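Starting from the structure of chain P, add chain E where the hints point.
The residues making up each chain are set out below.
There are 2 protein chains.
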Amino acid sequence: MKHYLEEDDWKIIESRFSEENAKASESLFSIANGQIGGRASFEETYTGPSMKGCYVAGIYYPDKTRVGWWKVGYPETFDKTPNSAYWIGVRVRIDGEELDLHRADIKEFRRELDLRDGILTRTFRTVLPNGAAVTVRTERMCCLFCPEMGTLRYSITPENAAQITIDAYIDGNVLNEESNYGEKFWDGAGHDPLSLTMRTRKSGFTVCWAMQNRVTGLESSGGEDREGYVAEKFSGTVPAGHTVTLCKYVGIVSSLNHAEATLRSVALGHAERGAREGMERLQEKQREAWAKRWEQCDIEIEGDVKAQQGIRFCIFQALQSYSGDYPELNIAPKGFSGEKYAGGAYWDTEAFCLPFYLSGSGAETARNLLLFRYNQLDKAIENAQKLGIGNGAALFPMATFNGRECHNEWEITFEEIHRNGAIAYAIYYYVQYTGDTAYLASNGFEVLAALSRYWVQRANFSEAKRKYVILGVTGPNEYENNVNNNWYTNYMAAWTLRYAADTAEMLRREYPNDYRRIAARIRLQYEEELARWIDVSENMFFPEDPALNITLQQEGYLDKEPTTTADIPEGERPLNQHWSWDRILRSPYIKQADVLQGMFFFPEHFDKGLIYRNFNYYEPRTVHESSLSPSVHAAIAAWIGNEEKACELFLRAVRLDLDDYNREIEEGVHVTSAAGAWLAVVRGFAGFRVDETGEPLFRSHLPKRWKSLKFKILFRGKILQILLNGSKAEVREIKK
Amino acid sequence: MKHYLEEDDWKIIESRFSEENAKASESLFSIANGQIGGRASFEETYTGPSMKGCYVAGIYYPDKTRVGWWKVGYPETFDKTPNSAYWIGVRVRIDGEELDLHRADIKEFRRELDLRDGILTRTFRTVLPNGAAVTVRTERMCCLFCPEMGTLRYSITPENAAQITIDAYIDGNVLNEESNYGEKFWDGAGHDPLSLTMRTRKSGFTVCWAMQNRVTGLESSGGEDREGYVAEKFSGTVPAGHTVTLCKYVGIVSSLNHAEATLRSVALGHAERGAREGMERLQEKQREAWAKRWEQCDIEIEGDVKAQQGIRFCIFQALQSYSGDYPELNIAPKGFSGEKYAGGAYWDTEAFCLPFYLSGSGAETARNLLLFRYNQLDKAIENAQKLGIGNGAALFPMATFNGRECHNEWEITFEEIHRNGAIAYAIYYYVQYTGDTAYLASNGFEVLAALSRYWVQRANFSEAKRKYVILGVTGPNEYENNVNNNWYTNYMAAWTLRYAADTAEMLRREYPNDYRRIAARIRLQYEEELARWIDVSENMFFPEDPALNITLQQEGYLDKEPTTTADIPEGERPLNQHWSWDRILRSPYIKQADVLQGMFFFPEHFDKGLIYRNFNYYEPRTVHESSLSPSVHAAIAAWIGNEEKACELFLRAVRLDLDDYNREIEEGVHVTSAAGAWLAVVRGFAGFRVDETGEPLFRSHLPKRWKSLKFKILFRGKILQILLNGSKAEVREIKK
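So the protein lines, in turn, are chains P and E. All residue numbers for the first sequence refer to this note's numbering, where the first residue is 1 and numbers rise by one. All residue numbers for the second sequence refer to this note's numbering, where the first residue is 1 and numbers rise by one.
Because the hints were derived from the structure by calculation, they are not lab data. Quick caveat, the model's predicted, so the values are computed rather than measured. A couple of the hints might just be wrong.
Put simply, identical chains are the same to the list, so a pair is met inside one copy or across any two.
[Claimed, not checked] Keeping only pairs whose Cα atoms sit at most 27 Å apart, straight-line, the calculated DSS-like set for lysine-lysine is: (1) K23 with K71; (2) K23 with K465; (3) K71 with K2; (4) K64 with K340; (5) K645 with K64; (6) K71 with K340; (7) K11 with K728.
Bound conformation, chain P alone (with noise of 0.2 Å):
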């Protein structure tokens, strides 16, 4: 746990800089709208610890796979985002001499990044090796209100009358660092004096960065333009005490969005338009952007401010990174702040992120999501055919962009096949939640069917127990590998298998057109296939404990050592950065919420004496080493009434970067976790649930020290106010 950010209710803020917290803050500082975005790195040069990183949204490249043993069914590639063009670059020289805050005396440093309007901020003074004193301030975004445009303002202030120049460029000659050989993934495809074009290998995207610089206190001194890097430089003397200002306006266009030809004027449009608009305007369109977001969707949390900050960080991440207008588009693990999990959509997106959505964004965004995945369902049935398992049935990547799997862990990307489950019940969720069982003709039911066709298939029946079996799978905790009859995998295939069922009827007697023609084209054998669903789904098998009375994770989970948490030795958590693998498998400890999982998405499937119980048997043996660990805990902590579980776990959720629980923030923010942190206010402390009749349903499990919760959702066309004041939850309709 690191912590060296002040605490407040709307901003994030470093007012000391340490070189040691440089890399953190590159992460936790870092800006994005949904289509470009990038980590909070210096604008100027910075030769100290830094792991630069701007993102394009679904750009990927296929970077060639690598293991050390090759097993069938491995995706030849592994896709990852790129890391782009550096457009914030700036480079500054005050009496010749670079301006590098590692080689300088930093005299003051503060950044902020304030939530309301995504707008990142940096104001230092500092004194060069050859003496010269300056002070500076720096503003940049990245544009909610036009998703092809990020600005940058850079202002300079010398103590004493200086000769500074300043280059603004773009560098397109950038590497990955998780790249698997060292590849460039890029190439220059042109440039001029304002623009750079560059083409991913192999995949063959074009991007283009067009800028328009305006500069005040300095004359132009010409220009720059080589293979991946262009730049525009600015020179003269400044008094004392003078300020020199460079305001940078780029547009940023890729060839996912407009036909090739176009993309340098389309780019250059952008940036022009901003400079005419200039930046005092663009920055008041910026607020009104993001103020008009968070009116749908912040929560508030009377009493505790490291809540508060908390939970606004997590929404703030959440908006920035998926802004829902693309069905092409998913939410990277990491957002745009940094290179791990490779930028791909994950079972994430349906598990912990789309109920934010949903409620936070509107139905279409969470639409979107939906669609993803049917457009990618022709992928998944070619992918459950290369492990096996044909006649329509699908089985979903667990790392894509394009529907292709990316992942190569055999007990991951074979195994770990709850991800089926999660795509279900977003489904659900979505149809629970706006009623529009439309969709369910129109798209769902297609990709329901495929699955549950995986799921008949992958199961088998047992003869010893005389109940239908899945073996060799890793549920969610990822702390086990290859283990049978994962009670969290049994479930979600038997509900899934039963709500296809049922989903199927229900077309047949309400959209007997739609129903028809889907049956028609997947080749639907309605009695026995339905009849297949539903044996499977009513014989499947699910250990369970009589003597604990619980659930069990898998078989054989109490052969285990009985030992908690508190067992673990001092020193050696987090338990995958100290212990060898069959160590952890072996060991009762637990990554995430597993059995848990399962009563978080189906509450009211369970008696509540079994999700206490079960809460009390596998939480204190959870080691949370999952980002998406604590938030599903603090929930069910709140359910049953745990209040200090739930307090201590929905920090931890929503602090998780903030504080570096993990350890790992350098690397970037947890984005699809953050979004899972507003479950465990929403589902969790206000037990928000859609009953049979479509009516939102609220109960508090307030803890005490929180004075009040207020937070909004959109629902089924209008904002609905919740307040939450001890035992009370007050509902208050705004007409949308």
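Just chain E, lined up with the frame of chain P:
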């Protein structure tokens, strides 16, 4: 399956060249002498399919580990035998055209490896693109009588007068095909016209190759020496029908066996001595040396030429791959015939090879194999510590040269811990066979104690079962990973603990001084530790099924689909080349003997009915996709009187490579399984075992089609000749 070789009692013969078989033949005709060896690639230039490989025993390069997802505990390097200088190289030009069978018209071709003397010969008649017709004969050997010498005789007879040039060269500019990052493994370390010295990068082994060339019919035309390459050149005009002959004598010595400064002079000394003695005399010495080996361990099978050729091929492979002269060396799964498995030592050595060397090469050789592990005990203790198991516990590595673990798949490296069991078994087998209990006092017990300390910590007490369990292992059947209570592993653990405790008691009684010395050094707490060993041994859990009355390979095995190998669709074998890993894992299919491996080691521990039922249950589920599988199954089939299976699997064991059952012969010969095939004859068909009084017992399980079986073994200072005829077993002592 591939079948293109002739059948012969003593020879391997290829009578027609086909490029399709080029790499297969390079493997099958490979020759070695335990110290040097290599694949049977052509001496002259060949631009067709080929994987050249010349190897020097004990030399390794620490190749940087390549994995997709790093796990704590993985070794940094995967040591591998480097492909080394091509010392057999000859470049031939006829009237200016280079001799290259890939671009020539082959009129006749015959390659023979005589197993009686290890001399590889090749004759061919070919017409070059320029019309020149020549007949060539080559003879090559790795001298058994002088393991640091190899020779080559290369004769060319032109049909018309021709200008012929020959470059006799040694080329050190070679790469490994199986290199993780395409690195070069060698640097040049010296050269002169007749010698080449190279040094491995990082590991710093130095090897010198020196040559003497004697040519009749051509004149010397100078030489060439440069970094990594030396050549001596000869040329002249040769009348029609006249034969020119190059005799190349090569000394190959390494810094493993000689001071670095002396390498060149020692290597040159070998080459000069060879040249002085001449090829005829050297070949005679080779025949004598091999005849001596065969005298001790030939097996004669009357009535089955395929089996006869197969078993001799196996014995030949075992003899040429490991001479037993140095405890620093071990048996590579591919011997000197390829790069796969990287040349390290695996549990194959203890489980499959040691019995052969004990009977075929002698107790000293087997003892060197035991000392190999004994000398690496400290590293095995470090290895266990790295995986969290301390107190002097040892986990021997999955693959190693110097004791350091090289392998990096968590399910194998960390979990295939049964290898510890084979290491204990090898000690037991050796002591039983030789009566050499003093070995336990000098070395054996220390290893047994460290293994026992491992097992008592690796097992844990299951409250649910009230027994000790061993969770998260991979058994010999690597088509199951991370299973709980693999019967074989549990059995080997329990047996080791008991054997170690008995040995401790025996030593206290019979070797009290040795015992005190060891107990002090390893800080053995006699009472407490032995009590623990016995407790865990006696209370180990063993999965079994009372209904089928069989032992269970692991818990949950009976939940699998009740299919047998007959249900595998055609064209889908071998499974590991067709099925994704998860599908293999959850299938009932078994790669190699698992339960049956334990019954093979200890037939006297089990009721014959149980062995019979287990065989009949598991063999039909076994795909034998490990080279180590058929021999064990053949032996047990012979015991239980399943003659058909015994013969089928025996042929598969001994002709695995000759008939390429596993479709991978191009990668090299299966040397360790070849040694294992011997077990099928001696332990299986001849029912050999040593009783408690040290008497060798035999019992004939001969197939009807074999008229007789005759073989010799070295036993306690004597050579025993065993003749089996029908059900009769006759033993004759031959004084040694």
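For each hint, the structure was consulted:
In this assembly of identical chains, the alpha carbons of K23 and K71 lie at most 27 Å apart only when taken from different copies (24 Å versus 36 Å within one copy). When the C-alpha separation of K23 and K465 is checked against a cutoff of 27 Å, the pair qualifies neither within a copy, at 53 Å, nor between copies, at 50 Å. In this homomeric assembly, K71 and K2 come within 27 Å of each other (Cα to Cα) only across copies, at 24 Å, whereas the closest approach inside a single copy is 40 Å. When the C-alpha separation of K64 and K340 is checked against a cutoff of 27 Å, the pair qualifies both within a copy, at 16 Å, and between copies, at 22 Å.
Taking the shortest alpha-carbon separations for K645 and K64, neither the intra-copy value of 44 Å nor the inter-copy value of 45 Å comes in at or below 27 Å. In this homomeric assembly, K71 and K340 come within 27 Å of each other (Cα to Cα) both inside a single copy, at 23 Å, and across copies, at 16 Å. Within a single copy, K11 and K728 get their C-alpha atoms no closer than 30 Å, and across copies no closer than 92 Å, so neither meets the 27 Å cut-off.
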